[in-house]
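Once you've looked at the hints, dock chain B against the given chain A.
For the protein sequence lines, the chains are A and B, in the order given.
For our numbering, count along the first sequence from 1 and bump the result up by 4.
For our numbering, count along the second sequence from 1 and bump the result up by 4.
These are computed hints drawn from the structure, not numbers from a lab.
Hints should not be assumed to be uniformly reliable.
Same chains, same names: a pair is fine if it fits in one copy or spans any two.
Here are the simulated EDC-like cross-link-like pairs (lysine to aspartate or glutamate), alpha carbons at most 20 Å apart as the crow flies [stated by the list, open to error]: (1) Lys172 x Glu149; (2) Lys172 x Glu88; (3) Lys60 x Glu19.
There are 2 protein chains.
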Amino acid sequence: MGKPGRRPGRAGTREQILASARAAFAEHGFDQATVRAIAEGAGVDAAMVHHYFGDKQGLFMAVLQVPIDPEKLVNEITGGEVEEVPYRLVRSFLSVWDHPVSGPAAVAVLRSGLHGPLGARLVRDFLTTQILRRVASRLPLDRQEVQYRFSLCASQLVGLAVARYILKLQPLASAPAETVVPAISPTLRRYLLEPLDNGELEAK
Amino acid sequence: MGKPGRRPGRAGTREQILASARAAFAEHGFDQATVRAIAEGAGVDAAMVHHYFGDKQGLFMAVLQVPIDPEKLVNEITGGEVEEVPYRLVRSFLSVWDHPVSGPAAVAVLRSGLHGPLGARLVRDFLTTQILRRVASRLPLDRQEVQYRFSLCASQLVGLAVARYILKLQPLASAPAETVVPAISPTLRRYLLEPLDNGELEAK
Numbered sequence: 005m006g007k008p009g010r011r012p013g014r015a016g017t018r019e020q021i022l023a024s025a026r027a028a029f030a031e032h033g034f035d036q037a038t039v040r041a042i043a044e045g046a047g048v049d050a051a052m053v054h055h056y057f058g059d060k061q062g063l064f065m066a067v068l069q070v071p072i073d074p075e076k077l078v079n080e081i082t083g084g085e086v087e088e089v090p091y092r093l094v095r096s097f098l099s100v101w102d103h104p105v106s107g108p109a110a111v112a113v114l115r116s117g118l119h120g121p122l123g124a125r126l127v128r129d130f131l132t133t134q135i136l137r138r139v140a141s142r143l144p145l146d147r148q149e150v151q152y153r154f155s156l157c158a159s160q161l162v163g164l165a166v167a168r169y170i171l172k173l174q175p176l177a178s179a180p181a182e183t184v185v186p187a188i189s190p191t192l193r194r195y196l197l198e199p200l201d202n203g204e205l206e207a208k
Numbered sequence: 005m006g007k008p009g010r011r012p013g014r015a016g017t018r019e020q021i022l023a024s025a026r027a028a029f030a031e032h033g034f035d036q037a038t039v040r041a042i043a044e045g046a047g048v049d050a051a052m053v054h055h056y057f058g059d060k061q062g063l064f065m066a067v068l069q070v071p072i073d074p075e076k077l078v079n080e081i082t083g084g085e086v087e088e089v090p091y092r093l094v095r096s097f098l099s100v101w102d103h104p105v106s107g108p109a110a111v112a113v114l115r116s117g118l119h120g121p122l123g124a125r126l127v128r129d130f131l132t133t134q135i136l137r138r139v140a141s142r143l144p145l146d147r148q149e150v151q152y153r154f155s156l157c158a159s160q161l162v163g164l165a166v167a168r169y170i171l172k173l174q175p176l177a178s179a180p181a182e183t184v185v186p187a188i189s190p191t192l193r194r195y196l197l198e199p200l201d202n203g204e205l206e207a208k
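One chain only, chain A, in its complex shape (with noise of 0.2 Å):
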């Protein structure tokens, strides 16, 4: 992918954007990032931005490349009863990463992340403010708790991505989804609905 430079020609004008917003996005994290600051590192307006990715949050998932829709993905984990959710989340997870175009999509992002901190801010931004952020948004959690219980979640749930697609780990490796959801939900059950002890309450 090129540098964002100040002449884009038609052809690409779209990555010069592109580069210009994965600059911004590590540098300055999803919400301190700007359309108007990223069309200006492209030479373009911010127009051509919107008409090219919608708004930011589209050209922060096209930046990563994983093709899903975290909207959708919310829904699913909380559309039924809030008990369910640990183990929707963790179905809907294994389905992304399980998926023969999402899968390899996220595995590159999840390394770039392992790489150096540029990357990790960007899946860091990503777990955040696309999944948690709006998964929050829907359940009766304690906003002085909720940070905690969900770095508790993310570091299971990324720990899975990195032990059964990265590091293959087996048996886990090739364990079928509806082995793996029944044995690791009860830990995000406990991590994001069980009491906390003071212990962890401290820790904010």
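Chain B in isolation, oriented as in the chain A frame:
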């Protein structure tokens, strides 16, 4: 680090052996790699390998450059009651990763394991042959289930390391070990010691 060659100078012998060993462990895995073939790859006598690194395991740890003694670590973990093992496992794990010397070394190994298949093999072998196999030999675990239980434990521990030390997800990244240990160890208890349901057993 240089490539293995046939003409080691005096000063470079140790490095030649390490380069040959790294290649052999990554390609063949810990169990299949032999000291003889590693010595051959470095153009030295096997006695030279033993002189510098003791046994194959000492060589493996030198390749990984993690300044820990797995035997000592496993003794700490399995020293007390079986019921305490999950707690001790998380506590020992964090003591390695929070340590100013072994922590950055462990991050480097994990990053290499996440970067490509050769590094992944080294990390997988480290977990399996140096830690889990030893822990297993001292716990009354069903031999049919032990590998599956370990891959579940590894998913949580690797995820804890990635979330806390690489992605730096807050507040988990800044939480003191005294807080993290009680939050994570019930998960390890379930994966290691509690009955697995049938769905989980089928995965083996």
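Taking the hints in turn, this is what the structure says about them:
1. Proximity of Lys172 and Glu149 under a CA criterion of 20 Å is satisfied inter-copy only: 18 Å between copies versus 33 Å inside one chain copy.
2. In this assembly of identical chains, the alpha carbons of Lys172 and Glu88 never lie at most 20 Å apart, being 28 Å within a copy and 28 Å across copies at closest.
3. For the homomeric pair Lys60 and Glu19, the shortest alpha-carbon distance inside one copy (15 Å) is at most 20 Å, but the shortest distance between copies (50 Å) is not.
Hint 2 from the list above is the single one not met by this structure.
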